[in-house]
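Protein chains: 4
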Amino acid sequence: MERSIKISENDRAVFNNRVDFCVGTGRMGLALQKEYYEQLKLVQKEIGFKHIRGHGLFCDDMAIYQEYREDPRNPDSPCHVEYNFTYLDLVMDSYRELGLRPFIELGFMPKRLASGEQTIFYWKGNTTPPKSYEEWCRLVRATLSHLVQRCGEEAYEYPIEVWNEPNLPGFWYRADMKEYFKLFKESFLAIKALDSRFKVGGPAICGVRDEEWISEFMSFCRSEGLKIDFVTRHHYTTELPEHSGHYGYAKLMESEAGFENLKTTRDIIDSFPEYRGLPIHITEFNTSYIPNCPIHDTNLNAAYLGRQLSRLGDVNESYSYWTFGDIFEEQGVPFTPFHGGFGMVANGCIPKPTFYAFKFFKQLDGECMYKDDDAIVMKTEEGYKICCWNICPKGENKELTLRLLLPGSGEYSLVTSTVDESCCNPLKLWHDMGEPSSLSDSELSLLREAARPLIGSSRIAADGELSVSLTLGRNALVYAELKKSSLTPDRGYDYERATTTL
Amino acid sequence: MERSIKISENDRAVFNNRVDFCVGTGRMGLALQKEYYEQLKLVQKEIGFKHIRGHGLFCDDMAIYQEYREDPRNPDSPCHVEYNFTYLDLVMDSYRELGLRPFIELGFMPKRLASGEQTIFYWKGNTTPPKSYEEWCRLVRATLSHLVQRCGEEAYEYPIEVWNEPNLPGFWYRADMKEYFKLFKESFLAIKALDSRFKVGGPAICGVRDEEWISEFMSFCRSEGLKIDFVTRHHYTTELPEHSGHYGYAKLMESEAGFENLKTTRDIIDSFPEYRGLPIHITEFNTSYIPNCPIHDTNLNAAYLGRQLSRLGDVNESYSYWTFGDIFEEQGVPFTPFHGGFGMVANGCIPKPTFYAFKFFKQLDGECMYKDDDAIVMKTEEGYKICCWNICPKGENKELTLRLLLPGSGEYSLVTSTVDESCCNPLKLWHDMGEPSSLSDSELSLLREAARPLIGSSRIAADGELSVSLTLGRNALVYAELKKSSLTPDRGYDYERATTTL
Amino acid sequence: MERSIKISENDRAVFNNRVDFCVGTGRMGLALQKEYYEQLKLVQKEIGFKHIRGHGLFCDDMAIYQEYREDPRNPDSPCHVEYNFTYLDLVMDSYRELGLRPFIELGFMPKRLASGEQTIFYWKGNTTPPKSYEEWCRLVRATLSHLVQRCGEEAYEYPIEVWNEPNLPGFWYRADMKEYFKLFKESFLAIKALDSRFKVGGPAICGVRDEEWISEFMSFCRSEGLKIDFVTRHHYTTELPEHSGHYGYAKLMESEAGFENLKTTRDIIDSFPEYRGLPIHITEFNTSYIPNCPIHDTNLNAAYLGRQLSRLGDVNESYSYWTFGDIFEEQGVPFTPFHGGFGMVANGCIPKPTFYAFKFFKQLDGECMYKDDDAIVMKTEEGYKICCWNICPKGENKELTLRLLLPGSGEYSLVTSTVDESCCNPLKLWHDMGEPSSLSDSELSLLREAARPLIGSSRIAADGELSVSLTLGRNALVYAELKKSSLTPDRGYDYERATTTL
Amino acid sequence: MERSIKISENDRAVFNNRVDFCVGTGRMGLALQKEYYEQLKLVQKEIGFKHIRGHGLFCDDMAIYQEYREDPRNPDSPCHVEYNFTYLDLVMDSYRELGLRPFIELGFMPKRLASGEQTIFYWKGNTTPPKSYEEWCRLVRATLSHLVQRCGEEAYEYPIEVWNEPNLPGFWYRADMKEYFKLFKESFLAIKALDSRFKVGGPAICGVRDEEWISEFMSFCRSEGLKIDFVTRHHYTTELPEHSGHYGYAKLMESEAGFENLKTTRDIIDSFPEYRGLPIHITEFNTSYIPNCPIHDTNLNAAYLGRQLSRLGDVNESYSYWTFGDIFEEQGVPFTPFHGGFGMVANGCIPKPTFYAFKFFKQLDGECMYKDDDAIVMKTEEGYKICCWNICPKGENKELTLRLLLPGSGEYSLVTSTVDESCCNPLKLWHDMGEPSSLSDSELSLLREAARPLIGSSRIAADGELSVSLTLGRNALVYAELKKSSLTPDRGYDYERATTTL
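Those protein sequence lines, which keep their order, are chains A, B, C and D. Per my numbering, the very first residue in the first sequence carries number -14; after that it's consecutive. Per my numbering, the very first residue in the second sequence carries number -14; after that it's consecutive. Per my numbering, the very first residue in the third sequence carries number -14; after that it's consecutive. Per my numbering, the very first residue in the fourth sequence carries number -14; after that it's consecutive.
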């Protein structure tokens, strides 16, 4: 397929690029791991996010909430609470070393503080309300106070979200809306009493009964007079998965349906005059919502993300990809390096194609001149930055050629970075290797080599109109930079002579 | 062009792979530099040579040979010699850190010990005989003794070559053969007297009057009863360069002529019964012999090296590429990162295509089954290793397809690494950027990204005959590994489903 | 106190220095952590052990043993077992990167394979026999086979120990000896059937009813015809602790009583002709056996270790300090960096005084000339190596001066490294800082600076008898090297003039 | 000797701490070296300077100024100039990586641009005026323009100094004042014409006829209407050296005489109304002015520096220690690691005692309450920072005890870092080792260990008056921090019990 796109000097399009505001992570206890750290280090070095959000701050492996008997040998002696911040410090130190701040999620419930036994995931996060809201609020305050003491004033700027997906019974006992609102209010008031600079929001729901939950949540806040700082929700865009062994196969939905759904949230909030324009953070998004869906490892996922990243800022303040890496245990420990995990990076520090969707969009600064379903064009001081993609789901195999006509005169250098099924497809290489579960050093090294964009370049001369043609193979994602560039050969250097006559 | 090559189980070809025995370097004083170290570190990490050889051990910047007056204020007081090994230690420590041992070249002459004023190169190496052979021999012995003390017993294994290219008047005053033989004999005897374990050789000539020099040298050694340990010579394969500004443009010679020339050296030596079979080390080789010939940076150079590396071991013990990196000052300091320097690595630690010729050949272990002008095939325990190339000099543009039919049954994985003008061509990217002399961080980073092989893969099933087809673009160099490999999918994992139905 | 020790040329003493054979670690799952890795890296860089041994290979956090239903939605469908080696690979890769091989401990029981609910420790290791010995043996074999596949032939040399301290009811249900012998026999036979090169031993007991257990174990092995490869036991040398809050305070026992206890094990084994001389590995030793005894962080511990390390090789093949670092969770997550943990290294990568006991003994090569309760003297090619200590328990405060008279002539350099309460005492600095639970960067940096030996030196001239005087403050541990050394001043350099006249 | 010093709440003293503004370095070409980089990296990591200044920007090894013939084969064809910034970029990139900006010194003369043959130093810097001032100005402008292009706007803030020590005939042909003023004026005007934001100063003189030079220079600038941005001079404080072999032995002068000399420069400048208060940069200072004076390596040098660093800011804007490291070739390549070089760091990356004078003063923030010949006391938010020293020249051996009485109440922690002859004296260790010229790895490692301050600590309680006693051995330099600090023991932790009863 070929498309011609002509862009004029004063063309402008809406594009709120918040690609680097936040990224998701598995539970906080995993942040102690070395492989986790190395994956995150790679992500931060090559992309660079500002915040990180995940579950499990209060889960027992983080060991924050502790109880003890005054007389350990007498089970009837009074019981006291103490807090242990040893592991929290290790995690926060790692994050800060990597230039990250937490987007705090309050949850789940420490076992000893829980009112029930219900847990979620392989790692058994307790998802019941606290047995004492007073003790819960003490825990929240103590933790935030400790963060302020450890990290300084910047801790007041860490956004704080109350719980995760309370609209699902697995994540919140019976998905009890009233009980969640109580949790929210108690937490909100306790935090604001500690210091009004903290920013607090909710309800962190996913797309199940979402309109009802958002409406009721906003009404509740209004009726209670809670001046919340932001609203949060999640966004996944695949159909129900079909399961087979360790895996679930889920088909992609049309992006547009998702964008409409997000718009309804925006509209509901804006319908409350007190909350009009309140920031919405999408604190989780991805294609599939299961950590064992092979789509996450594909070039299709990367191409699809191109369109997502061009649109998710339309009505939202931020959107946090779930997750940066594949150290993740919700369905247990994965058996193989490529297992359809949520991560941008596979275990072994192998970037997946999707990694580059974030890397490319991170570079899209300047002013947006044009945006459509296949491409986005930015104007910069030195020229243009372009990202385009060719989404081919369900076995579709089309080639897409974009001819961009841009204002410009003089000489330009065009440099393209291409991620597609033939040049940056570590999943295919791993498959062709036989799908080994344990990688040898040389296999690992090859997979990393195969997980890099192909760089192309050319020189283009223009006289008023600059014509650039980009051809995208199946599920390609292409980033291109056009820069004004004179040829400045050194004395006696002649590239043509060097490459065609010797 | 298409070629079919059928290889049978018991086919064998001669291939002495000494690709990693030695690599060349600019003068030793440059080994103190940080950028030099970083380029060498890259080379050692990705390729890994055993020895390193270059000029300038005794040049004044290494500061080994020192003279002083007994009374510094009285120019008539006796003059004494002292040795300073501070810089030599720094250089040797760097080499040893990187797993390298020196291939020692004795030269050039310290200014204070020289009999004349003649120098060579921008860095003014003195190329005249010593004013005192006794003092020269003391210097040689002191230096070797120091190396033994510092590096231990392994220092006895460092090969020692006397001087460099004495058959050129620029490198040795008047190219005086008799004087060189004197230098050789004095040095040889002094070293062997110190410890007979040292290995000493010469005459380190290039291809000018080489037959005469080799004959005379062998005759001289025989008549003097010198049991030399090896013979050395150099090998360059371009025609005379045409100069323009900072550059020289030199056309490639046919490889075959060069191989014949090398054979004559072998034959002359073997004609001396005492020296029959004596090892020949090619202590320098490259295409062009000037450090400002743009060919060194091209894909053509890499493809041409493919053939060279498959043949240079035929009659020689080793062959040392001149040089590993572009920190090099013989014609002055280069003005731009790509300037036709000898290096496998351009300044900025950018691998040139040629870098991969060495990396690929380093991996060619196993038994050689087949070798021709375009390809070499090795049999390994797990399958096959193949290297092939498509040399297109003087603007030629042909595509080459090799169909290899190999013995084999069952499932195989094929992984290819391709270096060609479209996928691993940093020179072109730099040109398209406008040929900047100073690289910004982002330009440097892009150039490094563009200097990597493209990885491809597939699975092949065979029933007795394994058919592999490799297509090589202009000046391509391809390395391929075929390994026996069963598909071992994890429970429920289906690659086809993942990549064609979601 | 002053002591003179005169040593003659031919004096010799028994000293089997196995200080670096093995070191202990908390459960294997913790080896995934970054802080664990960094502590271990420090230990390996500065000391360098060969093996590492700890609990928890089969605990659920390592995720090796997995069960699943054929039809996940039908709880009555057949249940199958599968193995997951993802985390085991990560751990083994870390170990191998750091030059370590595992000393494998088989245990504890995966929850799904256990016959009961009894667990031990904060991290809930299941300590009941398998519900199926056949399934247990399959697990053991699969794990070992995987290690061979991943690590190569060297895996056959990893020593394998069956379970841990089965003589304690907490570690093995009811401390049931007969059941342990069954576990041992089944495991032993399964492993030897897999490959007879594997080395297998037990019973890994601690010092409770140890004579009885060793006797019975040897008898059992004899009667069953098990050609075991080694015997293992543990060795702790404090009295019962008194508890207070998070801590236990335990007084040191006299070393000698411990050495006698170890001798009884040796004697029992040697009383079995079939097993005479069989190697005994002390797979755990330390002063206190609880991970919250403040003694571990003191200089007293280091000085006491001096004597231990000089003696533990007398009748044993090796002795593995429990543990290298303080990432350890048996009693929960520690609240402060110094908490009396077992480690040689405190959290934050701060070496404790004990760290240097190992570093110093690691350097004690050569021939042992002399050994007593305070000192050990080795003869080397270049001179002497000495380690001495001044154990001051229970508030004792004595100074010890050792005057060593050694054979020697000529000039020597003496270099001493001193670890004592005034110069290498990070615990005291931390206390003086106010005992902070969270360390700032500058506090951490100071603590590391304060955790280094003080280096002293002098030149000694001797004429037949070399006299060295070493003064040890309270709980000092001193390492000294005497080397033949001529003064080789550079031309014109005069140290006395430089330091006393300017 | 004992001294009591009582300090009251409102006591204040003058102390302009500019310790980190600038540091000196050998010639710029040496900045290409790896060992140079590693020494500078250590200095920047532990101390952290803002600028770096040294000679040799325009020396031939930097290769900036190049001439060529239009027709290389015709020596009569026109000659052109071209500039090569390859090495300058490498140096600047290193500096920027390490957080440093240049304090630019314009000099010396490229050989091809020089009017004469006079050179200085082993490395032969040409010290004659340009043969063409126009060409010189072109060179200066081209270099500065390149720096702006490469480093951005920050390049306008690099201070620029014209030449070095023109008042010495060795550094400037005949020490011709008039010619220097011409050089200054031409350079000044050329730079300001390029961009008036550049800051330019001179005359960079040392203490020979300094009053005359400063007076004449200011008069010249006034009469020419040059609005110079700052004045520069040097400051060395030893008497004439006595030479012996490679070394010179120079006795220290009294500091006070030096401070008075500096005051005269200040007074002369301030006597010009147009230039009153103009910043004076001491662009070089040290004790001895020769790079082979053993005093630089001693503890005496460090203690003496204590007093210098407390006073040099009194009338000067900055003071740049000559030099950071011992890669330095003015008198040739040193023969041994300790050779009396200027550096804070000896070759092998061994910090000398003087290194810590800078590290300690770098930490002296807060308000100065007290300063005398032995000590300086700063008040900070958390307590106090103190630096004190005990200068013992010419073999003197006195102990100094300072009793400081400071305002304060409550509990404090005192942490001291001591650098003295017994605890941080790598020179002595090296001497005791026999003064080896080549260091083995273990010798090097020991020397680094012996080059660290001894850390001490205690807790002090105060009730209105805080009493701190610091005892300084021979040539000690001590840094102390007093901080408010409550003891916060963990539940059950009792340090006394742990260290006196077990």
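No lab work stands behind these hints, which were simulated from the structure alone. Built from N, CA and C at the ideal position, the CB exists for glycine as well. Be aware that one or more of the hints could be misleading.
[To be verified] Covered stretches of chain C, as calculated for chain D (at least 3 residues, CB under 8 Å):
hint: 1; region: -8 to 1
hint: 2; region: 226 to 237
hint: 3; region: 369 to 376
[To be verified] BS3-like cross-link-like pairs, simulated, lysine-lysine; straight-line CA separation at most 27 Å:
hint: 4; chain 1: A; residue 1: Lys30; chain 2: D; residue 2: Lys344
hint: 5; chain 1: C; residue 1: Lys19; chain 2: D; residue 2: Lys30
hint: 6; chain 1: C; residue 1: Lys30; chain 2: B; residue 2: Lys30
hint: 7; chain 1: A; residue 1: Lys30; chain 2: B; residue 2: Lys26
hint: 8; chain 1: D; residue 1: Lys26; chain 2: C; residue 2: Lys30
hint: 9; chain 1: C; residue 1: Lys379; chain 2: C; residue 2: Lys30
hint: 10; chain 1: B; residue 1: Lys19; chain 2: D; residue 2: Lys19
hint: 11; chain 1: C; residue 1: Lys344; chain 2: A; residue 2: Lys116
hint: 12; chain 1: D; residue 1: Lys26; chain 2: B; residue 2: Lys96
hint: 13; chain 1: B; residue 1: Lys35; chain 2: B; residue 2: Lys163
hint: 14; chain 1: B; residue 1: Lys19; chain 2: D; residue 2: Lys364
hint: 15; chain 1: B; residue 1: Lys26; chain 2: D; residue 2: Lys109
hint: 16; chain 1: B; residue 1: Lys19; chain 2: D; residue 2: Lys109
hint: 17; chain 1: D; residue 1: Lys26; chain 2: B; residue 2: Lys19
hint: 18; chain 1: A; residue 1: Lys344; chain 2: C; residue 2: Lys30
hint: 19; chain 1: B; residue 1: Lys109; chain 2: D; residue 2: Lys19
hint: 20; chain 1: C; residue 1: Lys109; chain 2: B; residue 2: Lys35
hint: 21; chain 1: A; residue 1: Lys35; chain 2: C; residue 2: Lys109
hint: 22; chain 1: C; residue 1: Lys26; chain 2: A; residue 2: Lys30
hint: 23; chain 1: A; residue 1: Lys109; chain 2: C; residue 2: Lys96
hint: 24; chain 1: D; residue 1: Lys(-9); chain 2: D; residue 2: Lys19
hint: 25; chain 1: D; residue 1: Lys26; chain 2: C; residue 2: Lys26
hint: 26; chain 1: C; residue 1: Lys96; chain 2: A; residue 2: Lys19
hint: 27; chain 1: B; residue 1: Lys30; chain 2: B; residue 2: Lys96
hint: 28; chain 1: C; residue 1: Lys468; chain 2: B; residue 2: Lys26
hint: 29; chain 1: C; residue 1: Lys344; chain 2: A; residue 2: Lys96
hint: 30; chain 1: D; residue 1: Lys344; chain 2: B; residue 2: Lys116
hint: 31; chain 1: A; residue 1: Lys26; chain 2: B; residue 2: Lys35
hint: 32; chain 1: C; residue 1: Lys26; chain 2: A; residue 2: Lys109
hint: 33; chain 1: D; residue 1: Lys96; chain 2: B; residue 2: Lys19
hint: 34; chain 1: A; residue 1: Lys109; chain 2: C; residue 2: Lys19
hint: 35; chain 1: A; residue 1: Lys96; chain 2: C; residue 2: Lys96
A quick look at each hint next to the structure:
Coverage of a stretch by a chain is defined here by at least three residues with a beta carbon nearer than 8 Å to that chain's beta carbons; for the region -8 to 1 of chain C and chain D the count is 0, and the condition is violated. Check on the region 226 to 237 of chain C: 9 of its residues sit with their Cβ under 8 Å from a Cβ of chain D, so the three-residue criterion for coverage holds. Counting residues of the region 369 to 376 of chain C whose beta carbon lies closer than 8 Å to any beta carbon of chain D gives 0, which falls short of the minimum of three for the stated coverage. Of the pairs offered as hints, the one joining A/Lys30 and D/Lys344 is violated, with about 31 Å between alpha carbons and a cut-off of 27 Å exceeded.
With a CA separation close to 23 Å, the supplied pair C/Lys19 and D/Lys30 stays within the 27 Å bound. In summary, the hint linking C/Lys30 to B/Lys30 is supported, as the alpha carbons are separated by about 21 Å, within the 27 Å threshold. A threshold of 27 Å between alpha carbons decides the hint, and for A/Lys30 with B/Lys26 the separation of about 22 Å falls inside it, so the pair holds. For the hint pairing D/Lys26 with C/Lys30, the CA-to-CA distance comes to about 22 Å; that is within 27 Å, so the pair holds.
About 34 Å separates the Cα atoms of C/Lys379 and C/Lys30, which puts this hinted pair outside 27 Å; it is violated. At roughly 4 Å between alpha-carbon atoms, B/Lys19 and D/Lys19 fall within 27 Å of each other, so this suggested pair holds. Straight-line distance between C-alpha atoms of C/Lys344 and A/Lys116 comes to about 51 Å, which puts the hinted pair past the 27 Å bound. Distance restraint check for D/Lys26 and B/Lys96: the Cα-Cα separation of roughly 35 Å exceeds the 27 Å cut-off, and the hinted pair is therefore not satisfied.
Of the supplied pair hints, the one linking B/Lys35 and B/Lys163 is violated, its CA atoms being roughly 33 Å apart against a limit of 27 Å. As the CA atoms of B/Lys19 and D/Lys364 are separated by approximately 43 Å, the hinted pair breaks the 27 Å bound. Between the alpha carbons of B/Lys26 and D/Lys109 the distance comes to roughly 32 Å, so the proposed pair goes past 27 Å and is violated. This hinted pair checks out: B/Lys19 and D/Lys109 have alpha carbons roughly 23 Å apart, not beyond 27 Å.
Taken as a hint, the D/Lys26 and B/Lys19 pair is honoured in the structure, with Cα atoms around 12 Å apart against an allowance of 27 Å. Distance hint between A/Lys344 and C/Lys30 is unfulfilled; the C-alpha atoms sit about 36 Å from each other, more than 27 Å. Simply put, B/Lys109 and D/Lys19 have alpha-carbon atoms about 23 Å apart, close enough for the 27 Å limit, and the pair holds. For the hint linking C/Lys109 to B/Lys35, the alpha-carbon distance of about 52 Å lies beyond 27 Å, and the restraint is violated.
For the proposed pair A/Lys35 and C/Lys109, the alpha carbon gap of about 37 Å is over 27 Å, so the pair is violated. A hinted pair counts as satisfied when its Cα atoms are at most 27 Å apart, and C/Lys26 with A/Lys30 qualifies at roughly 23 Å. With a CA separation close to 15 Å, the supplied pair A/Lys109 and C/Lys96 stays within the 27 Å bound. With a C-alpha separation of about 49 Å, the suggested pairing of D/Lys(-9) with D/Lys19 is violated against the 27 Å cut-off.
Our distance criterion of 27 Å between C-alpha atoms is met by D/Lys26 and C/Lys26, whose separation comes to about 23 Å. Restraint check for C/Lys96 and A/Lys19: the C-alpha separation of about 26 Å stays at or below 27 Å, so the hint holds. Between B/Lys30 and B/Lys96 the CA atoms are separated by roughly 37 Å; this puts the pair beyond 27 Å, and the hint is violated. Proximity of C/Lys468 to B/Lys26 is assessed by CA-CA distance (about 35 Å); at most 27 Å being required, the pair is judged violated.
With a C-alpha separation of about 43 Å, the suggested pair C/Lys344 and A/Lys96 falls outside the 27 Å cut-off, and the hint is violated. Pair hint D/Lys344 plus B/Lys116 does not hold up; C-alpha atoms about 51 Å apart against a cutoff of 27 Å. Of the pairs offered as hints, the one joining A/Lys26 and B/Lys35 is violated, with about 34 Å between alpha carbons and a cut-off of 27 Å exceeded. Proximity of C/Lys26 to A/Lys109 is assessed by CA-CA distance (about 32 Å); at most 27 Å being required, the pair is judged violated.
A distance of roughly 26 Å separates the Cα atoms of D/Lys96 and B/Lys19; the hinted pair therefore holds under the 27 Å criterion. Simply put, A/Lys109 and C/Lys19 have alpha-carbon atoms about 23 Å apart, close enough for the 27 Å limit, and the pair holds. A hinted pair counts as satisfied when its Cα atoms are at most 27 Å apart, and A/Lys96 with C/Lys96 qualifies at roughly 20 Å.
Against the hints set out earlier in the document, violations occur for numbers 1, 3, 4, 9, 11, 12, 13, 14, 15, 18, 20, 21, 24, 27, 28, 29, 30, 31 and 32.
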